[in-house]
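Visitor: Here's the letter readout for the chains.
Number of protein chains: 2
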Amino acid sequence: MSQKGLPSRKDDYSAWYNELVKRADLAEHSAVKGCMVIKPYGYAIWEMMQQELDRRFKATGHQNAYFPIFIPKSLFEAEEKNAEGFAKECAVVTHYRLKSDPDNPGKLIPDPNSRLEEELIVRPTSEAVIWNTYKNWVQSYRDLPILLNQWANVVRWEMRTRLFLRTTEFLWQEGHTAHATLEEAMHETRQMLSVYADFAENIMALPVVKGIKSENERFAGAEETFCIEALMQDGKALQAGTSHFLGQNFAKAFDVKFAGKDGKLEYVWGTSWGVSTRLMGALIMAHSDDNGLILPPRLAPYQVVMIPIYKSDEQRAVVMEKINSIKKELEKINIRVKLDDDDSQTPGYKYAEWELKGVPVRLAMGVRDVENGVIEVVRRDKARGEEGQKTIEQIATIIEKIPAILQDIQESIYRKAIKFRTENTAKVDNYEDFKRLLDEKPGFLLAHWDGTPETEEKIKDETKATIRCIPLDATEEEGTCIYSGKPSTKRVLFARAY
Amino acid sequence: MSQKGLPSRKDDYSAWYNELVKRADLAEHSAVKGCMVIKPYGYAIWEMMQQELDRRFKATGHQNAYFPIFIPKSLFEAEEKNAEGFAKECAVVTHYRLKSDPDNPGKLIPDPNSRLEEELIVRPTSEAVIWNTYKNWVQSYRDLPILLNQWANVVRWEMRTRLFLRTTEFLWQEGHTAHATLEEAMHETRQMLSVYADFAENIMALPVVKGIKSENERFAGAEETFCIEALMQDGKALQAGTSHFLGQNFAKAFDVKFAGKDGKLEYVWGTSWGVSTRLMGALIMAHSDDNGLILPPRLAPYQVVMIPIYKSDEQRAVVMEKINSIKKELEKINIRVKLDDDDSQTPGYKYAEWELKGVPVRLAMGVRDVENGVIEVVRRDKARGEEGQKTIEQIATIIEKIPAILQDIQESIYRKAIKFRTENTAKVDNYEDFKRLLDEKPGFLLAHWDGTPETEEKIKDETKATIRCIPLDATEEEGTCIYSGKPSTKRVLFARAY
Numbered sequence: 001m002s003q004k005g006l007p008s009r010k011d012d013y014s015a016w017y018n019e020l021v022k023r024a025d026l027a028e029h030s031a032v033k034g035c036m037v038i039k040p041y042g043y044a045i046w047e048m049m050q051q052e053l054d055r056r057f058k059a060t061g062h063q064n065a066y067f068p069i070f071i072p073k074s075l076f077e078a079e080e081k082n083a084e085g086f087a088k089e090c091a092v093v094t095h096y097r098l099k100s101d102p103d104n105p106g107k108l109i110p111d112p113n114s115r116l117e118e119e120l121i122v123r124p125t126s127e128a129v130i131w132n133t134y135k136n137w138v139q140s141y142r143d144l145p146i147l148l149n150q151w152a153n154v155v156r157w158e159m160r161t162r163l164f165l166r167t168t169e170f171l172w173q174e175g176h177t178a179h180a181t182l183e184e185a186m187h188e189t190r191q192m193l194s195v196y197a198d199f200a201e202n203i204m205a206l207p208v209v210k211g212i213k214s215e216n217e218r219f220a221g222a223e224e225t226f227c228i229e230a231l232m233q234d235g236k237a238l239q240a241g242t243s244h245f246l247g248q249n250f251a252k253a254f255d256v257k258f259a260g261k262d263g264k265l266e267y268v269w270g271t272s273w274g275v276s277t278r279l280m281g282a283l284i285m286a287h288s289d290d291n292g293l294i295l296p297p298r299l300a301p302y303q304v305v306m307i308p309i310y311k312s313d314e315q316r317a318v319v320m321e322k323i324n325s326i327k328k329e330l331e332k333i334n335i336r337v338k339l340d341d342d343d344s345q346t347p348g349y350k351y352a353e354w355e356l357k358g359v360p361v362r363l364a365m366g367v368r369d370v371e372n373g374v375i376e377v378v379r380r381d382k383a384r385g386e387e388g389q390k391t392i393e394q395i396a397t398i399i400e401k402i403p404a405i406l407q408d409i410q411e412s413i414y415r416k417a418i419k420f421r422t423e424n425t426a427k428v429d430n431y432e433d434f435k436r437l438l439d440e441k442p443g444f445l446l447a448h449w450d451g452t453p454e455t456e457e458k459i460k461d462e463t464k465a466t467i468r469c470i471p472l473d474a475t476e477e478e479g480t481c482i483y484s485g486k487p488s489t490k491r492v493l494f495a496r497a498y
Numbered sequence: 001m002s003q004k005g006l007p008s009r010k011d012d013y014s015a016w017y018n019e020l021v022k023r024a025d026l027a028e029h030s031a032v033k034g035c036m037v038i039k040p041y042g043y044a045i046w047e048m049m050q051q052e053l054d055r056r057f058k059a060t061g062h063q064n065a066y067f068p069i070f071i072p073k074s075l076f077e078a079e080e081k082n083a084e085g086f087a088k089e090c091a092v093v094t095h096y097r098l099k100s101d102p103d104n105p106g107k108l109i110p111d112p113n114s115r116l117e118e119e120l121i122v123r124p125t126s127e128a129v130i131w132n133t134y135k136n137w138v139q140s141y142r143d144l145p146i147l148l149n150q151w152a153n154v155v156r157w158e159m160r161t162r163l164f165l166r167t168t169e170f171l172w173q174e175g176h177t178a179h180a181t182l183e184e185a186m187h188e189t190r191q192m193l194s195v196y197a198d199f200a201e202n203i204m205a206l207p208v209v210k211g212i213k214s215e216n217e218r219f220a221g222a223e224e225t226f227c228i229e230a231l232m233q234d235g236k237a238l239q240a241g242t243s244h245f246l247g248q249n250f251a252k253a254f255d256v257k258f259a260g261k262d263g264k265l266e267y268v269w270g271t272s273w274g275v276s277t278r279l280m281g282a283l284i285m286a287h288s289d290d291n292g293l294i295l296p297p298r299l300a301p302y303q304v305v306m307i308p309i310y311k312s313d314e315q316r317a318v319v320m321e322k323i324n325s326i327k328k329e330l331e332k333i334n335i336r337v338k339l340d341d342d343d344s345q346t347p348g349y350k351y352a353e354w355e356l357k358g359v360p361v362r363l364a365m366g367v368r369d370v371e372n373g374v375i376e377v378v379r380r381d382k383a384r385g386e387e388g389q390k391t392i393e394q395i396a397t398i399i400e401k402i403p404a405i406l407q408d409i410q411e412s413i414y415r416k417a418i419k420f421r422t423e424n425t426a427k428v429d430n431y432e433d434f435k436r437l438l439d440e441k442p443g444f445l446l447a448h449w450d451g452t453p454e455t456e457e458k459i460k461d462e463t464k465a466t467i468r469c470i471p472l473d474a475t476e477e478e479g480t481c482i483y484s485g486k487p488s489t490k491r492v493l494f495a496r497a498y
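Read top to bottom, the protein sequences are chains F and H.
Letter by letter, the first sequence follows residues 1 to 498 of the numbering used here.
Letter by letter, the second sequence follows residues 1 to 498 of the numbering used here.
No lab work stands behind these hints, which were simulated from the structure alone.
Treat each hint with caution, since some may be false.
Note that the list lumps identical chains together, so a pair holds whenever it fits in one copy or between two copies.
In silico DSS-like cross-links for lysine-lysine, where the CA-CA straight-line distance does not exceed 27 Å [unchecked claim]:
id : residue 1 : residue 2
1  : K88       : K107
2  : K33       : K135
3  : K81       : K464
4  : K350      : K261
Everything numeric in this text was worked out from a predicted model, so none of it was measured.
Based on the provided sequences and hints, a complete structural model is requested.
Guide: Pasting the structure below:
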């Protein structure tokens, strides 16, 4: 079924992505408009991401908890900017019971007698319900900080959806912390941004730019939004995670105060931070090629696939014995191995299938290989025919070599992404070049901006490019805004974005 | 805050449970009627349960996936009995947008223009949306079996709720499998029941009776419901997990057919099985005492708590050095250790606090203990003052002793629960005894029943006792129904239940 070629990235990047997600068995559209089914192979990758992130959250002192999926409308309204920001995409529960439709036997309708006095919002994000809870948990400075995270589903009604990138329901984690001081909350905000960046670069092999959002792109209800931005192979940017400094906004909206050591009452300082199944989209789009997925070994459900080659039961027995013993040895050193011993498919079919699914290393072995004590190793990160893609290794040393090969693949995928980003990041100093590059060679554009929302809005209207972030490592330099010509002191990062 | 005594189980079991859940920081009621907040300590226990269950599901060949939280009404209606069974407790989404209330500045109302053409049901269980998906996944016998599980939140509108035991939203896992034959589906149904029983007994230290539900208590849409039933300390039963043989009901409702090896089209056979955060309630109620939680070591977020005792900074330094080195050694052998070095609380306060939270082993050490090379060990499973509750051990050998002590605690908690169940299970042969025992010595009652829903219903109306299950290991014996006097061939398990 997945043996036909994918559309190529060059011909139709968007079709390539959609087909790849489907054919690699990652996800599909569901019967519910805008919601996806995450298939087992896709979910296994998400589980690997969760484990890595969860470990990092706990290592930085956070605990998991769980808050309700529903938010009473009155709570939702409490932080005005937040409410305003999400009001247009909220699923609203109005009834709590169905009854038989008197006009349509066998059909059901919401029971009018079960109308809720107060509507419930399906959480688009949980600040409201969580800060309303924190109110009861915080009396004194001794109750702070609160460092919680939750893994949950959220719903934001979307008109135009794409698997993983933009869906009405998605899975995510949301950290919500409360602190005694501005400094501590700001430290937390930046710390979690670094946790995300570390995860993206070292686990996803995805280089990211750390930065601050402009006012236009800030989270509704935050004082400051930090983000990590990644570059996809079509030159569009993807926001891969955000960390918000909430100031005292939610504390004021929900009246969360604490008594300091001096007994004075003060509002609590807050942060929130999240990444979602959107990361799956980033992972797929950043690394994969026209033959399918390319998974970094640290996130691959199977790091090694083993394919036996034989023509008779006798040959099968010989090959399988050897292959099974190698498999056991690999599993002993915690390598995730898939042995594809399905008799109903040819080796060629299997090669294409596991290439499509992005397994980092393929090992194949036939009877003659067993006799000669060798095994074929194919790396997914290299192109077909590229030097080093296919090698013949000694069976005697394959076990010790695999970890190093996996490590090398992890690094090479990252290096390739860095190289791509470097080649597709340009400094531009005037609006003509800016517009030309967006069309001819899309990517990250570093340009001067006068700092006003008006200019940003106009550039967006005219070019569809937005300010992805003001990079944290931007160097001070004199310049003039590419749009207004007004003075500017540093370059910001522009791109068209997902 | 939690230093006042709990209500006693004897005086008010229900108040004891509610207070314990709150004071041990497990969960609390939220601002959303019927929904709970699972607090970090409670959630950590749930995470341990999840890990153990997930490992068992994967070891039996299952993979995780994720399906949408919303079910379009028309899909929900498709399997009639299932729809009927859940219709009265469904949260219904009718709008997808809020707008400013023209009559109330700053307030929001569902935008009438965003009314959904077809209402969405917040999943009470996912058979409908999943079988509608399986329809597209299954063509031939080669596509079977499908062995999936999902970890998710579900919503069943409840009028009377209790933390963990009965909440409008709860967390659970739901397995959904599809098979080519009745036999295979039935084998799966029974296998997962065994997985649940194994988890309950070996991890939760909770003895369970495996059985089959009577028709009245069967899952809506199933052909047969298997369950595990546990006995709580107040003599009430708690259903701790169910595994349903769905026959071809959902396959027929959603038209899921496969071509067999002979090319003939047949409906697929199905199962579903689940356990939920209700298990938290079972865990708490089965083992805990009037001083607080008692956690089996295999589910305890902290298996050992260490409490240093000192009166000066000098003493503190001496004690902490020793205690930290013991902690490190324990962590090396994967013991989960909490060191409570909070200077603002007395050791006595800490003892009570960690007793309340059910940590299996408490280690305490002062300066003189360090000098003498000894450490105090207190076991949570034994009553205060009971022999063996408190012992003095040599520091030199404490590391090697702890795993054995934890293992012994795990087993002793289980043995105690078995003993309680044995003492509170009775065979009864007439309705008078049945009613008398329910009031005087509630527990499991094994009695003959004529097999009819009518009799079951009448017994329930008159006594509030229900048939918990027909035990799988029930022996064939001649008897007469305690209610109708009609003949019966085996005893079934009655109890009042949560």
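Visitor: Now tell me, hint by hint, if it's right for this structure.
Guide: Each hint, compared with the structure:
1. K88 - K107: between (30 Å within a copy, 14 Å between copies)
2. K33 - K135: Classified as between: cross-chain Cα gap 18 Å, same-chain 37 Å, threshold 27 Å.
3. K81 - K464: Only inside one copy: K81 and K464 sit 25 Å apart there, 51 Å across copies, limit 27 Å.
4. K350 - K261: between (66 Å within a copy, 22 Å between copies)
Every hint from the earlier list agrees with this structure, and none is contradicted.
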